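S.K.: Residues per chain, in single letters:
Number of protein chains: 2
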Amino acid sequence: MSIPNTPYKIYLEEKDIPMNWYNVRADMKTKPAPLLNPGTHEPMKAEELAAVFCEDLVEQELDNTHRLIPIPKEIQDFYRMYRPSPLTHAIFLEQELDTPAHIFYKFEGNNTSGSHKLNSAIAQAYYAKKQGLKGVTTETGAGQWGTALSMACAFFKLDCRVYMVKVSYEQKPFRREVMRTYGASVVASPSNTTEVGRRILEAYPGTTGSLGCAISEAVEDAVGREGYRYVLGSVLNQVLLHQSIIGLETQAACRKYDIHPDIIIGCAGGGSNLGGLISPFMGEKIRGEADYQFIAVEPASCPSMTRGRYAYDFCDTGMVTPLAKMYTLGHDFMPSPIHAGGLRYHGMSPILSQLYEDGLMEARTATQSSVFQAAEVFARTEGILPAPESSHAIRAAIDEALKCKETGEEKTIIFGLTGTGYFDMTAYEQYNNGSMQDYIPDDADLEKGFASLPKI
Amino acid sequence: MSIPNTPYKIYLEEKDIPMNWYNVRADMKTKPAPLLNPGTHEPMKAEELAAVFCEDLVEQELDNTHRLIPIPKEIQDFYRMYRPSPLTHAIFLEQELDTPAHIFYKFEGNNTSGSHKLNSAIAQAYYAKKQGLKGVTTETGAGQWGTALSMACAFFKLDCRVYMVKVSYEQKPFRREVMRTYGASVVASPSNTTEVGRRILEAYPGTTGSLGCAISEAVEDAVGREGYRYVLGSVLNQVLLHQSIIGLETQAACRKYDIHPDIIIGCAGGGSNLGGLISPFMGEKIRGEADYQFIAVEPASCPSMTRGRYAYDFCDTGMVTPLAKMYTLGHDFMPSPIHAGGLRYHGMSPILSQLYEDGLMEARTATQSSVFQAAEVFARTEGILPAPESSHAIRAAIDEALKCKETGEEKTIIFGLTGTGYFDMTAYEQYNNGSMQDYIPDDADLEKGFASLPKI
Chain W
1 MSIPNTPYKI YLEEKDIPMN WYNVRADMKT KPAPLLNPGT HEPMKAEELA AVFCEDLVEQ
61 ELDNTHRLIP IPKEIQDFYR MYRPSPLTHA IFLEQELDTP AHIFYKFEGN NTSGSHKLNS
121 AIAQAYYAKK QGLKGVTTET GAGQWGTALS MACAFFKLDC RVYMVKVSYE QKPFRREVMR
181 TYGASVVASP SNTTEVGRRI LEAYPGTTGS LGCAISEAVE DAVGREGYRY VLGSVLNQVL
241 LHQSIIGLET QAACRKYDIH PDIIIGCAGG GSNLGGLISP FMGEKIRGEA DYQFIAVEPA
301 SCPSMTRGRY AYDFCDTGMV TPLAKMYTLG HDFMPSPIHA GGLRYHGMSP ILSQLYEDGL
361 MEARTATQSS VFQAAEVFAR TEGILPAPES SHAIRAAIDE ALKCKETGEE KTIIFGLTGT
421 GYFDMTAYEQ YNNGSMQDYI PDDADLEKGF ASLPKI
Chain P
1 MSIPNTPYKI YLEEKDIPMN WYNVRADMKT KPAPLLNPGT HEPMKAEELA AVFCEDLVEQ
61 ELDNTHRLIP IPKEIQDFYR MYRPSPLTHA IFLEQELDTP AHIFYKFEGN NTSGSHKLNS
121 AIAQAYYAKK QGLKGVTTET GAGQWGTALS MACAFFKLDC RVYMVKVSYE QKPFRREVMR
181 TYGASVVASP SNTTEVGRRI LEAYPGTTGS LGCAISEAVE DAVGREGYRY VLGSVLNQVL
241 LHQSIIGLET QAACRKYDIH PDIIIGCAGG GSNLGGLISP FMGEKIRGEA DYQFIAVEPA
301 SCPSMTRGRY AYDFCDTGMV TPLAKMYTLG HDFMPSPIHA GGLRYHGMSP ILSQLYEDGL
361 MEARTATQSS VFQAAEVFAR TEGILPAPES SHAIRAAIDE ALKCKETGEE KTIIFGLTGT
421 GYFDMTAYEQ YNNGSMQDYI PDDADLEKGF ASLPKI
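Chains as they are written, first to last, in the numbering used here: chain W, 1 to 456; chain P, 1 to 456.
Hints were generated in silico from the structure; no laboratory data involved.
Here the structure is a predicted model, which is why all the values come from computation and not from measurement.
Take the hints with a grain of salt, since some may be wrong.
The list cannot tell twin chains apart, which means a pair is met if one copy fits it or any two copies do.
Unchecked claim - Derived DSS-like pairs: lysine-lysine, alpha-carbon spacing no greater than 27 Å straight-line:
#1 K157 x K403
#2 K405 x K157
#3 K134 x K45
#4 K9 x K256
#5 K9 x K157
#6 K325 x K157
Modelling step: build the complete structure from the supplied sequences, incorporating the hints.
M.R.: Spelled out as structure tokens, the structure:
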């Protein structure tokens, strides 16, 4: 496929920022399975969810029918601080690889949170403010979501309480200070401040934590505190809705510059970035308007889709959340302390899980050292120091471009560059020193996780 | 002065990137004084400078006559990776301050080096490559220049040797890893690897270093190594020339959107950002086409212009460089270990020194804690975590905007936001914990520095 002579960065203007989010559920033939009440195994009702989440967000969570959801003006105004984000033609990477493929990346690291997480954080903070709440609680893995939420809460002058996975808290002390600079309280998880935290610490002394644990603590804190709700940076339908702005802008730039992607790639932890990037394109595919190859890239150490089961499971380790039907390794699965903290999650967005189950997208894994090797090539050629999470997508994009080199195909590849790696220099240091290790769970490790799946 | 309804970010397109740098010396009525040979006190000849600097850069250094210098295509291509940089209307900061002033900032932190330094790094690396050199040596303070040069050298596949001021090396270990990821060698300065480093360590045991020391070491290393030259990230005329791209883009955006600045503000260490930002506007002022108030903001701990002397001095502590006529605290002045490492330099660009001497610009100081207070306000309202250096300019911009609030004047203020603070979280942590200290040298401290001024 030939590409017209595009500028290096594909510019949209502020007036090109989408006015609506796109809800892929409206186009899905098989809808994602509903959240279940863990006690009754009945679908969660809006009023049950409203004890945990903001009212407007509950509505968005349950909405399988409206294709377009208007973006409130206050959120649009905030988006203008860093959107539209660049879609960049990776001409220097193409030259380095000597490939006939055309590679583009949608860069979401051009804001202080350093990742795409801000797209949903500002939406969730807005709805909390609108509801008159005092504050919100959340968990963070690599720290990107927590930073994003801190920024969003500072903007709307809301209190923000962040439970940060202990391994990231220790590897990334500077992340904590960014959050504090924005006025947030940050607690290492598991902590002694919640009942569920104390229980996990007893069961797994010395644990470095996981997103699943931190979610449990944040939910417990929110539910027990007057005027607070819990917010989550991934997995949920509402988050994929907000993140659809990534894909909508990408789609708009493709149309404006006559770019026709063959392959669209994203890293996959809970699914927020991948789901946001591919949603509008997936809609075209489902409606039969275009065909795309979608590739989800997971860490080999936490392979929810590629080696997990499609089953109802808790979203958290402490079993305080509703049950979600998703590809999961089991809520007891404790991922090894790899550096791509944002991908250390046992489950996967129910929307993406259903799309994967329906054969509409592919998934593959990458080992940590192969990911950092790709990150280094990218940094030196394209000038951006990528986050380890994002580098999973870079790895797959490079692999696909090298395949094109062998076959001579001029495929067009778009990948999501979700963020920057400034706070991941401990991991880069290990890679620079040649001391990075790869972790791949064996089948027995996985069986332990699967044993925790609830019987439904 | 009223402002039309501008978009939040003032967009230029890639085709708006200037094709030429602007050389303010061509318009200056009193030219900056020439560099002198420290032995003979005669003006340095091109062939003498060529032992230290690349040939094309020597030519640029000595050129007081050509107003426009074409930007080579290879550098223009690289600029497209991150330029044009945004000129942003700080509407949220204006709201927070409740000021009638209109505040804009030119943001140069939108690249992986995190600062404007990349503008000159890529130029200097290009000319080194063009000359067929193997590599370059340099010093870095806060690490921004070293990171920028590492990126530029990786791009042109040049070897890069960085002497990093010890206080920054220790406070910012992650900076070192960014540079290593781009393939650079990084040495803490003063080091035992050079003669001048050993001499400084003997004279000042336990010193935390300074830019002046690190320059001496890098120059010694370059001169003694086959196929290497030294490059410098500030102070020199050539650097201000390359950095003029900041001001040219700002000027272009002002024209496109009919913005008429009254005040233009920059932080001042060696002068690279301030000089680059104001040069084209200064040209207009000198030619009588417009009038502007220019404000340089120095740290109270290192007040070269506001408390220094206008005299010939060495650019480095080790007295290996030529003599430059500049505002200086004396090359023996050892700045306190404040966190704005990029501003810890005893001297000031000879161009800016002459403009200041001629009354064409003002200078003021700010204490560290007042700077971080401004940084926090800015981060929370405008969403960007600023570098401590840049925050000096924010401080002055806020002060001027608050003056407008008192007088009711609708002044238009533009300031240079030179970079991001992701690698400065140790300093932010001190500020967050309330343990930040201010350092202001007393007259006796300054007299010690002045005593080192050479007699000419």
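S.K.: Where does the structure disagree with the numbered hints, that is, which hint numbers, in rising order?
M.R.: 6
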